[in-house]
Amino acid sequence: MAVSPAKALEVERLRADFAVFDELVNGKPVAYLDSASSTQKPRQVLDAMREFYEHSYANVHRGVYTLAERATEGYEGAREKVRAYINAPSNREVIFTRSATEALNLIAYSWGLENLGEGDVVVITELEHHANFVPWQFIAKKTGAQFAHIPIDDAGELQLDALDEIATRGNVKVVANNLVSNTLGTINPVEKLAAWAHEHGAIMVVDAAQAAPHRHIDVQALGCDFLAFSSHKVCGPSGAGALWGRRELLDAMQPFNFGGEMIRSVSLERTSWNELPYKFEAGTPAIAEAYGFGVALDYVSEVGLEAIEAHERELVVHAMEELAEIPGVRIFGPPADRRTGIVSFEVASVHPHDVAQILNWEGVAVRAGHHCTQPLMTRLGVAATTRASFYLYSTHEEIDRLVAGLLKVKETFGA
Amino acid sequence: MSDLEQMYREVILDHYKNPRGHGALDPADATAEGQNPLCGDEVTIFVRFGEDGETIDDVGFEGRGCAISQAATSMLTELVKGRTASEVASLPKEDLLEEIGIPLTPIRLKCAILGLGVLKVALHRAKGTPLPPEWQGLADDLTI
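For the record, the sequence lines run as chains A and B. The numbering used here runs 2 ahead of the 1-based position in the first sequence. The numbering used here runs 310 ahead of the 1-based position in the second sequence.
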């Protein structure tokens, strides 16, 4: 791949696209540091969705009239944008879902129920989001398969030397991992895991919800079999997500939901399924949301993923340096060069909920809780953490306000 | 510092740092535990009844969580001591919120009333006192 120097990201110009940054919270401009949870939306996406509704909206794939054709064109155009964004071989392998969570459940149910049984092993990791953990735990229990996890070390990195032992437990059938940890920001060695999975005849499932907004995703280079991500974490609307799967796997799977659109023919005796990807898209989809998802991918691509990555790296270095200066603050996870723009930390003897509440008085929005990673919280020995996370519109000044807010937290609690 | 922050500091922090009724009671006549899945707050409540088997003689709690949840449970122990199981079973959450005395957002409200809910579950299990629907979710234990 030809490497061209990343164009620098002009954060102030980008921020003008986001009306929310004019919003005052408790009399102060909002410092939105919760983009790992969900991102804010630029007017380009909002305007495009409104225009779509006003000029091109009808149900998709059914009508022969002009509006239905426009809507279908918009919806299928978004599918092609998703395909290109992750370098999938074919847009027939791209399925629109409600969310990354639904995409992962689709795999666990449609692939897992048919392909897992006693003597098989499902492998997940200790830093998995519940969305890529609980579906597999559930399906493993249903089918009698073993449920094994790859532990992490104290720096939040996967301990791949545990794989040999895991392989002795039975037939490894599936390895499921997030490309980036939503709590620690750790960038996981998915290529290595995919190679190991394939050596053992297993499939590799990648939760890219935290990776796709921040880094180039190439499903062919990763060597995975399934990959899921969502619209709302990449500047798009909520209610839309995407699943990519290898054609031969998707072809062999039964549908996840049944209803309209996903059938070829229905009679009292039997029903046959529609072709890919429609076999997995029962019911009227989130049409305008899928369309907006595509526009958001255009927006992010135009800013440039290299530029976004470089911008977030600067921010995370700045944040980790500043936070490390505050006595009593402990940062979890790997060094800055091994993570995306996510920093989870604790403030000694102050619960993260209280940290977040006091930060909110200062207009600083962070996430406090277990981040849907309770096994990871157990491993870290905490009930919850405070998490600051950044995106293309985040600034150094917002991080400075976080730091000032944390000093206020310590003052309030006498900590 | 705003009045709200001042209140947070004085009332909540006092109970948070010096919790009343903190610690397990062993033996206990009634006990229950509950979690707030939003933030991972945990509270376990222990109750001892007096000779009439109805009046709450002593109440203790263990837990970990935010200042609101732990301080509110501390206040709760003071509020319910000397009352009967059926009185506490029908104690409206507003009575506890009045004690806490600061405005709470819906999310923080869940933290504040966690201990009260757990206490109602403990009394329900030990004495069969009514458990209104709004508290029943805490008593459910649904696992895979």
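These are computed hints drawn from the structure, not numbers from a lab. Any given hint could be a false lead.
DSSO-like mimics (lysine-lysine), calculated; alpha carbons at most 30 Å apart, straight line [claimed, not checked]:
1) B:Lys-391 x B:Lys-420
2) B:Lys-391 x B:Lys-403
3) B:Lys-420 x A:Lys-30
4) B:Lys-437 x B:Lys-391
5) B:Lys-403 x B:Lys-420
6) A:Lys-410 x B:Lys-327
7) B:Lys-420 x B:Lys-437
8) B:Lys-391 x A:Lys-410
9) B:Lys-391 x B:Lys-327
10) A:Lys-144 x A:Lys-194
11) B:Lys-420 x A:Lys-412
12) B:Lys-327 x B:Lys-403
13) A:Lys-194 x A:Lys-143
14) B:Lys-391 x A:Lys-412
15) B:Lys-437 x B:Lys-403
Here are the in silico distance ranges between beta carbons for each label pair [what the hints assert, rightly or not]:
16) A:Lys-410 x B:Glu-397: 39 to 45 Å
17) B:Glu-397 x A:Leu-48: 50 to 56 Å
18) A:Ala-417 x B:Asp-405: 49 to 55 Å
19) B:Leu-348 x A:Asp-156: 50 to 56 Å
20) B:Ala-449 x A:Lys-143: 20 to 26 Å
21) B:Ala-449 x A:Asp-402: 43 to 49 Å
22) B:Asp-336 x A:Leu-251: 52 to 58 Å
23) B:Asp-405 x A:Gln-161: 32 to 38 Å
24) B:Asn-328 x A:Ala-406: 24 to 30 Å
25) A:His-202 x B:Val-321: 44 to 50 Å
Selected chain B positions facing chain A (in silico; Cβ < 7 Å) [as the list claims (entries may be wrong)]:
26) Gly-370
27) Arg-374
28) Cys-376
29) Ala-377
Don't be surprised by glycine CBs; every beta carbon is placed ideally from N, CA and C.
Hint by hint, here is what the structure shows:
1. B:Lys-391 x B:Lys-420: 22 Å, holds
2. B:Lys-391 x B:Lys-403: 16 Å, holds
3. B:Lys-420 x A:Lys-30: Holds, because 26 Å separates the two Cα atoms, which is no more than 30 Å.
4. B:Lys-437 x B:Lys-391: 16 Å, holds
5. B:Lys-403 x B:Lys-420: 11 Å, holds
6. A:Lys-410 x B:Lys-327: 18 Å, holds
7. B:Lys-420 x B:Lys-437: Satisfied, since the Cα-Cα distance of roughly 25 Å is no more than 30 Å.
8. B:Lys-391 x A:Lys-410: Measuring from Cα to Cα gives roughly 36 Å; hence the hint is violated.
9. B:Lys-391 x B:Lys-327: 20 Å, holds
10. A:Lys-144 x A:Lys-194: 29 Å, holds
11. B:Lys-420 x A:Lys-412: 24 Å, holds
12. B:Lys-327 x B:Lys-403: Within the cut-off at roughly 23 Å; holds.
13. A:Lys-194 x A:Lys-143: Holds: Lys-194 (chain A) and Lys-143 (chain A) sit about 27 Å apart, inside 30 Å.
14. B:Lys-391 x A:Lys-412: Distance of about 33 Å is beyond 30 Å: violated.
15. B:Lys-437 x B:Lys-403: 20 Å, holds
16. A:Lys-410 x B:Glu-397: 39 to 45 Å: 41 Å, holds
17. B:Glu-397 x A:Leu-48: 50 to 56 Å: 54 Å, holds
18. A:Ala-417 x B:Asp-405: 49 to 55 Å: Because 31 Å falls outside the window, the suggested range is violated.
19. B:Leu-348 x A:Asp-156: 50 to 56 Å: The hinted range 50 to 56 Å is violated for Leu-348 (chain B) and Asp-156 (chain A), with Cβ atoms some 27 Å apart.
20. B:Ala-449 x A:Lys-143: 20 to 26 Å: 24 Å, holds
21. B:Ala-449 x A:Asp-402: 43 to 49 Å: Check passed, 46 Å falls within 43 to 49 Å.
22. B:Asp-336 x A:Leu-251: 52 to 58 Å: At 55 Å between Cβs, range holds.
23. B:Asp-405 x A:Gln-161: 32 to 38 Å: Violated - the Cβ-Cβ distance for Asp-405 (chain B) and Gln-161 (chain A), about 51 Å, lies outside 32 to 38 Å.
24. B:Asn-328 x A:Ala-406: 24 to 30 Å: 29 Å, holds
25. A:His-202 x B:Val-321: 44 to 50 Å: 58 Å, violated
26. Gly-370: 20 Å, violated
27. Arg-374: Holds, because the Cβ-Cβ distance from Arg-374 (chain B) to chain A comes to roughly 6 Å (cut-off 7 Å).
28. Cys-376: Constraint on Cys-376 (chain B) satisfied, holds at 4 Å.
29. Ala-377: 5 Å, holds
In this structure, the hints that do not hold are numbers 8, 14, 18, 19, 23, 25, 26, in rising order.
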